[in-house]
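Protein chains: 2
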Amino acid sequence: MNPARPHREGKLNHLKTAIREIPDFPKKGILFYDITTLLKNPKAFSTILGELAFPYKDAGIEKVVAVEARGFIFGAPLALQLSAGFVPIRKPGKLPADVYESTYSLEYGNSTIAVHQDAIARGERVLLVDDLLATGGTIAAAVDLVKRLGGEICGLAFLVELTELKGRDKLKGYDILSLIQY
Amino acid sequence: MNPARPHREGKLNHLKTAIREIPDFPKKGILFYDITTLLKNPKAFSTILGELAFPYKDAGIEKVVAVEARGFIFGAPLALQLSAGFVPIRKPGKLPADVYESTYSLEYGNSTIAVHQDAIARGERVLLVDDLLATGGTIAAAVDLVKRLGGEICGLAFLVELTELKGRDKLKGYDILSLIQY
Numbered sequence: 001m002n003p004a005r006p007h008r009e010g011k012l013n014h015l016k017t018a019i020r021e022i023p024d025f026p027k028k029g030i031l032f033y034d035i036t037t038l039l040k041n042p043k044a045f046s047t048i049l050g051e052l053a054f055p056y057k058d059a060g061i062e063k064v065v066a067v068e069a070r071g072f073i074f075g076a077p078l079a080l081q082l083s084a085g086f087v088p089i090r091k092p093g094k095l096p097a098d099v100y101e102s103t104y105s106l107e108y109g110n111s112t113i114a115v116h117q118d119a120i121a122r123g124e125r126v127l128l129v130d131d132l133l134a135t136g137g138t139i140a141a142a143v144d145l146v147k148r149l150g151g152e153i154c155g156l157a158f159l160v161e162l163t164e165l166k167g168r169d170k171l172k173g174y175d176i177l178s179l180i181q182y
Numbered sequence: 001m002n003p004a005r006p007h008r009e010g011k012l013n014h015l016k017t018a019i020r021e022i023p024d025f026p027k028k029g030i031l032f033y034d035i036t037t038l039l040k041n042p043k044a045f046s047t048i049l050g051e052l053a054f055p056y057k058d059a060g061i062e063k064v065v066a067v068e069a070r071g072f073i074f075g076a077p078l079a080l081q082l083s084a085g086f087v088p089i090r091k092p093g094k095l096p097a098d099v100y101e102s103t104y105s106l107e108y109g110n111s112t113i114a115v116h117q118d119a120i121a122r123g124e125r126v127l128l129v130d131d132l133l134a135t136g137g138t139i140a141a142a143v144d145l146v147k148r149l150g151g152e153i154c155g156l157a158f159l160v161e162l163t164e165l166k167g168r169d170k171l172k173g174y175d176i177l178s179l180i181q182y
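If you're matching them up, the sequences are chains A and B in order. If you're matching positions, the first sequence starts at 1 in the working numbering and goes up one per residue. If you're matching positions, the second sequence starts at 1 in the working numbering and goes up one per residue.
Don't take each hint at face value.
All copies of an identical chain are treated as equivalent in the list; a pair is satisfied when it fits inside any one copy or across any two copies.
Said to hold, decoys possible - As a list, the in silico PhoX-like pairs of lysine-lysine whose alpha-carbon atoms are at most 25 angstroms apart: (1) K28 x K94; (2) K170 x K43; (3) K172 x K27; (4) K94 x K16; (5) K27 x K91; (6) K57 x K43; (7) K27 x K43; (8) K28 x K57; (9) K28 x K11; (10) K11 x K91; (11) K166 x K43; (12) K147 x K11; (13) K43 x K172.
Honestly, the hints are just simulated from the structure, not real lab data. It should be emphasised that the depicted structure is a prediction, and the values quoted were computed from it without experimental measurement.
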């Protein structure tokens, strides 16, 4: 948390009207926030990227890291806007060179993500970005991978945060930005 | 093919030095071109995006469409640079609203991709982008989906083209840009 900019949390809540809510997806009882309706709106998409990049413009970010697949939609343009390199974290078996893997718990079972061992140099300044902060399991695993590579994590940025799921509790000590909060 | 800019084909071949070649991935006999080494280089990544966007700057593109996951890395920033909306094509079961699906052949078996039925309005000008043009199966299926939505395809843009696989034969009549050719 960065006390210098608490006002930025939930700053784009007015864009909720551009996010489609779909009940019972991917299964009964889950309300899914569908951001594709927002992505197809050029002005909304551009506003989001501007707000994601703004706090980190002078932070000397060297690598922007994102988890496939939806994370790429924000991570790649963010890397370009910050003149940083882009590092994809992927499912096992997708990255062709030597990787580190991290396994985390889901509601049922586990999931694993991987990063190339040479993706980040020791001491490089890293910004992690994803579309959604829910329980925080995926991003905590991504944090773990970046730390194993020796990256210095300067921030965790999200388009949407589901605050009731308390993902922040898994990410204590990190500067967290979320633009739309439910 | 656009005869006005044949010189742009393979224009970034000098960036081949930034692409890592990995033999026998994902299986024996396949030489895999690993673009992660290029993506982590901010200058190279920025150059690529500039060259992908340049031919379409005044083309009135309204939607940039890309197939998960690597396609998102180029499609999302391209949409932003062209002030267009971004439309993700995904594997079945990932998009929450009503979709159209298209199935295509792989070397062994089939694969299916899906797009939201409301992703593109009839008559909208569309640019399709992907990291790789190989046999052309995936992109031909994506073309099929865009046409079913009534989109007008203005171009197909690729970072890498494996010319020996003759993917262009499946994509006759379309304006094709590829920046790095093997």
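Of the hints given before, which are not true for this structure?
Failing hints, ascending: 2, 3, 7, 8, 9, 10, 11, 12 and 13.
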